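So the sequence lines, in the order shown, correspond to chains A, B and C.
Take 243 as the starting number for the first sequence in my numbering and just add one per residue.
Take 30 as the starting number for the second sequence in my numbering and just add one per residue.
Take 34 as the starting number for the third sequence in my numbering and just add one per residue.
To be clear, the hints were calculated from the coordinates, so they are not data collected in a lab.
Predicted model, so just to flag it, every value in this text is computed and none were measured.
A virtual CB, placed ideally from N, CA and C, is assigned to each residue, including glycine.
There may be inaccurate statements among the hints.
Stated by the list, open to error - Reference excerpt, derived from the structure (chain A facing chain B, CB under 10 Å, subset only):
1. Tyr256
2. Ile263
3. Thr266
4. Arg278
5. Ala279
6. Leu282
7. Ala297
8. Phe305
9. Val308
10. Tyr312
11. Ala322
12. Val323
13. Ile327
To be verified - Below are the PhoX-like pairs computed for lysine-lysine, each with C-alpha atoms no more than 25 Å apart in a straight line:
14. C/Lys74 x C/Lys130
15. B/Lys55 x B/Lys105
16. C/Lys142 x C/Lys123
17. C/Lys123 x A/Lys271
18. C/Lys137 x C/Lys123
19. C/Lys142 x C/Lys130
20. C/Lys130 x A/Lys271
21. C/Lys123 x B/Lys55
22. B/Lys107 x B/Lys55
23. A/Lys271 x C/Lys135
24. C/Lys74 x C/Lys137
25. C/Lys74 x C/Lys123
26. B/Lys55 x A/Lys271
27. C/Lys135 x B/Lys107
28. C/Lys123 x C/Lys135
29. C/Lys135 x C/Lys74
30. B/Lys105 x C/Lys130
Stated by the list, open to error - Now the in silico label distances, taken between C-beta atoms and shown as ranges:
31. A/Lys245 x B/Asp108: 58 to 64 Å
32. A/Gly329 x C/Lys135: 22 to 28 Å
33. B/Ile45 x C/Leu146: 53 to 59 Å
34. C/Glu93 x B/Asp108: 50 to 56 Å
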Amino acid sequence: MDKLPEIILHISTYFVSAGIILATLRLIKGPTMADRAVALDTFTVISISLIVLIACIAGRVIFLDVGMVYAILSFIGVVAVARYIEGGL
Amino acid sequence: MELQQGIFVLMGLAMIVAAILAMYVKDLVSSIIAVGVVSLFASILYLLLQAPDVAMTEAAIGAGLSTLIFLYALHKTKDAEEEND
Amino acid sequence: MSWNSLLGSIITLLGSIFLFLGALGVYRMPDLYNRMQAGTKSTTLGTMLTLLGIGICHYEWLGQVLILIIFIALTNPISSHALARAAHFKGIPLTAKSVTDKLKEEESKAEVL
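Just chain A, same shape as in the assembly (with noise of 0.2 Å):
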């Protein structure tokens, strides 16, 4: 029992692999680079997550840092796309 914080964790943390494995395929399947820039969008707030967990199982302050620059320069990344997309820029 003393353990069981833990343990929901680590699953939470195979739910979220899982979750990276399926943006994968989308990424390889999508037809038009629109498709393949939604997985993008997916990607980063899913691998927020996933560094948030690390940072928790690692026990790690600083990884917290990582994923706030990460949150900041992939939305600039994103919106960039979209503006290519659009033709803009």
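Dock chains B and C against chain A, hints included.
Just chains B and C now, with coordinates in the frame of chain A:
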């Protein structure tokens, strides 16, 4: 198998798949997206190897800045091709 | 075993199930707009629940985690909206099962006027 080793192997396989996709896909924007995904997984790999500063740099430069610069360069070269026609 | 870690881990499990279902929707849905809806709404809620659960587990991290939650709640709908707008103006078709397209009707009305 340990949990962190499992994530390690998964990230490595996903990096290889995304890199092969960046080589074989037809249009260039999909290649740029695949390169950004490779950089994302490399960032998580550095995180698992207990190097958070390298992971932060990889996330900033690889996933954010290089995607932007590649798209800007693609936009500029496409304009030059249309002028030459 | 303290009660806040058990509560936080259960909230994290709930959020990760939402993330998995969102990724399953991204894989299974028939066209781009449905995929985008599955990949935005469900993953936004899932990420917010996951981060909140970890903030409850380690309550000394709660400030940074709340900043991250506010940032994701602000930026993720914006990027999805930009993608949907770009896909519509590029002319990516809806699936064959879709019933109505209000934006196209409004645009054709504006062209007539």
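Here is what the structure says about each hint:
Among the interface hints, the one on A/Tyr256 holds; its C-beta lies about 8 Å from the nearest C-beta in chain B, closer than the 10 Å criterion. The interface hint given for A/Ile263 holds, since its Cβ lies 7 Å from the closest Cβ of chain B, which is under the 10 Å cut-off. Taken as an interface hint, A/Thr266 checks out: its beta carbon lies about 5 Å from the nearest beta carbon of chain B, inside 10 Å. Contact between A/Arg278 and chain B, as hinted, is supported at the beta carbon level, the nearest pair being about 5 Å apart and thus within 10 Å.
Because the smallest distance between the Cβ of A/Ala279 and any Cβ of chain B comes to about 6 Å, under 10 Å, the interface hint for this residue holds. Taking 10 Å as the C-beta contact cut-off toward chain B, the hint placing A/Leu282 at the interface holds, the least distance being around 5 Å. Satisfaction of the interface hint for A/Ala297 is found here, the shortest Cβ-Cβ separation to chain B being roughly 8 Å, below the 10 Å cut-off. With a least beta-carbon distance of about 6 Å to chain B, the hint placing A/Phe305 at the interface is held under the 10 Å criterion.
A distance limit of 10 Å between C-beta atoms decides the matter here; for A/Val308 the minimum to chain B is near 5 Å, and the interface restraint holds. Look at A/Tyr312: its Cβ gets to within about 4 Å of chain B, closer than 10 Å, so that hint holds up. The restraint placing A/Ala322 at the interface with chain B holds, with a minimum CB-CB distance near 5 Å, inside the 10 Å limit. A cut of 10 Å between beta carbons decides the hint on A/Val323: the least distance to chain B is about 7 Å, and the hint holds.
Hint status for A/Ile327: holds, given a least beta-carbon distance of 7 Å to chain B, under 10 Å. Restraint check: the Cα-Cα separation between C/Lys74 and C/Lys130 comes to about 21 Å, which is no more than 25 Å; the hinted pair holds. Note on B/Lys55 and B/Lys105: the hinted pairing holds, with a Cα-Cα distance of about 19 Å set against a maximum of 25 Å. Of the supplied pair hints, the one linking C/Lys142 and C/Lys123 holds, its CA atoms being roughly 19 Å apart against a limit of 25 Å.
Between C/Lys123 and A/Lys271 the alpha-carbon distance is near 20 Å, which keeps this suggested pair within the 25 Å criterion. A C-alpha spacing of about 13 Å is found between C/Lys137 and C/Lys123, which places the hinted pair at or below 25 Å, so the restraint holds. Distance check on the hinted pair: C/Lys142 and C/Lys130 sit about 24 Å apart at the alpha-carbon level, within 25 Å; holds. The straight-line distance between the Cα atoms of C/Lys130 and A/Lys271 is roughly 21 Å, inside the 25 Å bound, and the hint therefore holds.
Our distance criterion of 25 Å between C-alpha atoms is met by C/Lys123 and B/Lys55, whose separation comes to about 18 Å. With a C-alpha separation of about 16 Å, the suggested pairing of B/Lys107 with B/Lys55 holds against the 25 Å cut-off. Distance restraint check for A/Lys271 and C/Lys135: the Cα-Cα separation of roughly 29 Å exceeds the 25 Å cut-off, and the hinted pair is therefore not satisfied. Pair hint C/Lys74 plus C/Lys137 holds up; C-alpha atoms about 24 Å apart against a cutoff of 25 Å.
A threshold of 25 Å between alpha carbons decides the hint, and for C/Lys74 with C/Lys123 the separation of about 23 Å falls inside it, so the pair holds. Our distance criterion of 25 Å between C-alpha atoms is met by B/Lys55 and A/Lys271, whose separation comes to about 13 Å. At most 25 Å may separate the alpha-carbon atoms for a hinted pair to count; C/Lys135 and B/Lys107 exceed this at roughly 34 Å. The hinted pair formed by C/Lys123 and C/Lys135 meets the criterion: a straight-line CA distance of about 17 Å does not exceed 25 Å.
Between C/Lys135 and C/Lys74 the CA atoms are separated by roughly 21 Å; this keeps the pair inside 25 Å, and the hint holds. Taking the CA atoms of B/Lys105 and C/Lys130, the gap is near 39 Å; set against the 25 Å cutoff, the hint is violated. Between A/Lys245 and B/Asp108, the C-beta spacing of about 60 Å keeps the proposed range 58 to 64 Å intact. Distance hint check: the CB atoms of A/Gly329 and C/Lys135 are about 23 Å apart, consistent with the given range 22 to 28 Å.
Between B/Ile45 and C/Leu146 the beta carbon distance is about 55 Å. The supplied range of 53 to 59 Å therefore holds. For C/Glu93 and B/Asp108, the Cβ-Cβ distance of about 52 Å falls inside the hinted range of 50 to 56 Å, so the restraint holds.
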